[in-house]
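Asks: Taken in sequence, the protein lines are chains U and V. Sequential numbering from 37 applies to the first sequence in the numbering used here. Sequential numbering from 95 applies to the second sequence in the numbering used here.
No wet-lab data here; the hints were simulated from the structure. Being a predicted model, the structure only gives us computed values, none of them experimental.
With beta-carbon atoms standing in for the labels, derived distance ranges:
1. R294(V) / W116(U): 42 to 50 angstroms
2. M272(U) / E230(V): 41 to 49 angstroms
3. I90(U) / A270(V): 20 to 28 angstroms
Think about it this way: if two alpha-carbon atoms lie no more than 25 angstroms apart in a straight line, the pair counts; the simulated DSS-like pairs of lysine-lysine are:
4. K250(U) / K328(U)
5. K311(V) / K64(U)
6. K404(V) / K63(U)
7. K89(U) / K274(V)
8. K234(U) / K328(U)
9. K311(V) / K348(V)
10. K274(V) / K223(V)
11. K422(V) / K404(V)
12. K89(U) / K243(V)
13. K217(V) / K311(V)
14. K348(V) / K223(V)
15. K250(U) / K332(U)
16. K271(V) / K342(V)
17. K348(V) / K199(V)
18. K63(U) / K311(V)
19. K71(U) / K217(V)
20. K311(V) / K223(V)
21. K274(V) / K243(V)
22. K234(U) / K171(U)
23. K223(V) / K271(V)
24. K243(V) / K223(V)
25. K71(U) / K311(V)
26. K167(V) / K361(V)
27. K404(V) / K64(U)
Every residue, glycine too, gets a C-beta built ideally from N, C-alpha and C.
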Amino acid sequence: MMGLKDVLPDVMTEFPEMGRADIRDFKKGIDGAFKDFVREYGELIEGFFYPLKIFLSWFERLLVATPWPLMIIIFAVLVWLGARSWVIVVGTILASLLIGYLGMWEDMMKTLALISVSTFVCIAVGIPIGILMSKSDRMQSIIVPILDFMQTIPAFVYLIPVMMLLGIGKAPGLIAVCIYAMPPVIRLTDLGIRLVDKDVLEAADAFGASPSQKMFRVQLPLALPNLFAGVNQTIMMALAMVVVASLIGAQGLGSNVLKAVNNQYLTLGIMNGSAIVAIAIVFDRVSQKFGKRLQKHSETVHG
Amino acid sequence: MKRLLATSAVLAATLSASAAFAECGDIQMAEFNWASGELLANVDKFILEAGYGCNVELIVGGTTAIFAGMNEKGQPQIAGEQWVNALRDLLDPAMEEGRLHAVNKAPILGLGEGWWIPEYTAKAHPELKTALDFIEHPELFPDSEDPSKGAFIGCPAGWGCQHVNNSLFRAFDMEAKGWKLIDPGSAAGLDGSIAKANERQENWLGYYWSPTSIIGKYNMQSVPFGVEFAGSENWDSCIVVEDCPDPKPTSWVKSEVFTIVTDDFMKNGGEINDYLAARVYPGDVMGSMLVYMADEQAAGEDAAIEFLTKYEDVWTTWVSEEVAAKVKGAL
Numbered sequence: 037m038m039g040l041k042d043v044l045p046d047v048m049t050e051f052p053e054m055g056r057a058d059i060r061d062f063k064k065g066i067d068g069a070f071k072d073f074v075r076e077y078g079e080l081i082e083g084f085f086y087p088l089k090i091f092l093s094w095f096e097r098l099l100v101a102t103p104w105p106l107m108i109i110i111f112a113v114l115v116w117l118g119a120r121s122w123v124i125v126v127g128t129i130l131a132s133l134l135i136g137y138l139g140m141w142e143d144m145m146k147t148l149a150l151i152s153v154s155t156f157v158c159i160a161v162g163i164p165i166g167i168l169m170s171k172s173d174r175m176q177s178i179i180v181p182i183l184d185f186m187q188t189i190p191a192f193v194y195l196i197p198v199m200m201l202l203g204i205g206k207a208p209g210l211i212a213v214c215i216y217a218m219p220p221v222i223r224l225t226d227l228g229i230r231l232v233d234k235d236v237l238e239a240a241d242a243f244g245a246s247p248s249q250k251m252f253r254v255q256l257p258l259a260l261p262n263l264f265a266g267v268n269q270t271i272m273m274a275l276a277m278v279v280v281a282s283l284i285g286a287q288g289l290g291s292n293v294l295k296a297v298n299n300q301y302l303t304l305g306i307m308n309g310s311a312i313v314a315i316a317i318v319f320d321r322v323s324q325k326f327g328k329r330l331q332k333h334s335e336t337v338h339g
Numbered sequence: 095m096k097r098l099l100a101t102s103a104v105l106a107a108t109l110s111a112s113a114a115f116a117e118c119g120d121i122q123m124a125e126f127n128w129a130s131g132e133l134l135a136n137v138d139k140f141i142l143e144a145g146y147g148c149n150v151e152l153i154v155g156g157t158t159a160i161f162a163g164m165n166e167k168g169q170p171q172i173a174g175e176q177w178v179n180a181l182r183d184l185l186d187p188a189m190e191e192g193r194l195h196a197v198n199k200a201p202i203l204g205l206g207e208g209w210w211i212p213e214y215t216a217k218a219h220p221e222l223k224t225a226l227d228f229i230e231h232p233e234l235f236p237d238s239e240d241p242s243k244g245a246f247i248g249c250p251a252g253w254g255c256q257h258v259n260n261s262l263f264r265a266f267d268m269e270a271k272g273w274k275l276i277d278p279g280s281a282a283g284l285d286g287s288i289a290k291a292n293e294r295q296e297n298w299l300g301y302y303w304s305p306t307s308i309i310g311k312y313n314m315q316s317v318p319f320g321v322e323f324a325g326s327e328n329w330d331s332c333i334v335v336e337d338c339p340d341p342k343p344t345s346w347v348k349s350e351v352f353t354i355v356t357d358d359f360m361k362n363g364g365e366i367n368d369y370l371a372a373r374v375y376p377g378d379v380m381g382s383m384l385v386y387m388a389d390e391q392a393a394g395e396d397a398a399i400e401f402l403t404k405y406e407d408v409w410t411t412w413v414s415e416e417v418a419a420k421v422k423g424a425l
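The shape of chain U in the complex, shown without the other chains (with noise of 0.2 angstroms):
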């Protein structure tokens, strides 16, 4: 019996390959200069991110050692602000009970103090790009492709670099989870902008509004909704990376899951993987309802 592969030239069913010896030193130059990269300029950038490291360890600490009636009042309140809507603040307050109860809320600490930081660096940063990339559709060009890159490359893959430079815990995590998180919030405020009304961007020009007037009055107040969209992608995307970024070291909910998962305790991990939906929940309709509360602010105002 004839297959296929007799009847083609070889050249068709077998790979043209670039042959393993080339393969191996293609790879093993790459690696070369990377580590003469990481051992030249390992503690520039160690010492560039140096504050941002004090910074998550002592707000984590300061969640930690804040005594858990208070934290929970404090959500209450800050939950109450963003979504006014109590059938939400008891759910939180419910929640966090419940996982304190399970013996969970060192780790719900660490996580939120993460997640925090993490949304407020992808935000800080993500926010002027996107500013950035609305005026100009070059901009545009050269960043979306990154963007993609960022949003589908496996995170493992940028684990290696990003220990080899930062080494593991905390600030390598928060790297991981922002490369992951950071491109939601930059496309929606893009969007955002590129969405305001051409008529209402006329009628600045016409009373004579300057560029910056018209981003910062104008165009960013009525992107809100868009970019508060991306904000709670953001925060989604942040929770979801929580278990990867503790492949390398991050503390909090996310390494109970993975020791769940490297010993089959299922229990835990159900308990730790639930937790880390409850906040999601919590972080998605509270950013939900204040980006609807920001719309229904601003259809009054122009309405």
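Use these hints to put chain V onto chain U, whose structure you have.
Replies: The following block gives chain V in isolation, referenced to the frame of chain U:
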């Protein structure tokens, strides 16, 4: 027409494959997710397939996951490099009840777990000889997140050795001496922290085991504990247990690695079990293979071929001449 051709080609391949492997059959073998485990599994796979006509499927996993699979479901059937120290509570009953059997109680010679430092740290501080000396100097190993503390890199959460390092950390009273026990999160985290320290010539003190590529590659030095092994009573009922109240200082227990098989395989595996019993890697051979794997970034499969080509004098003593000839033919 094309489809018909393709289908019949697949059919023919399947038929001929099943005929050739009839005598040995399908074997599920664990491929542990570290370098020596990968090498061992892939060498076994090659020899069993080429020499004994088996059809070997490798199941990738870690110590506890593979053990649970074998103990509870009888799958995989063979674990080549099962580190038993941390699993003894589970493994002993399983072997007594006859669910699992150790066919080889030392497949790799000269191995061990313990605490390690980089070569340059040892050279820079020749006066510090044992773990007892090092733990008096947390300032040499500053933690990056809290430089006032010394960082001791322990075992990733969920590994068998995690409790051991936690207990030793408390037994040696390291917290009071200014140390922090760092959880590196995963094998990649642990390796990454060693690699980063070595590339940047930073001091590093933590847990690892040998023979491994990273120990060979960076020439990490094993740190003697400076205390005697304080008895298996202390070790088994306290050091390896989570949150044991009163751990006593001790050196690390002598490491044991078994090749274990399921009961079913013990009964029906026949000559494969004889092969597994005879298969012993000298420590230096394993060490140099692991450095090769790290330097060449070779996966288990490539490393197995390198081993079979380079160390013929080692593996040919494991099998009969007839099998050896078949394996050589397949190389």
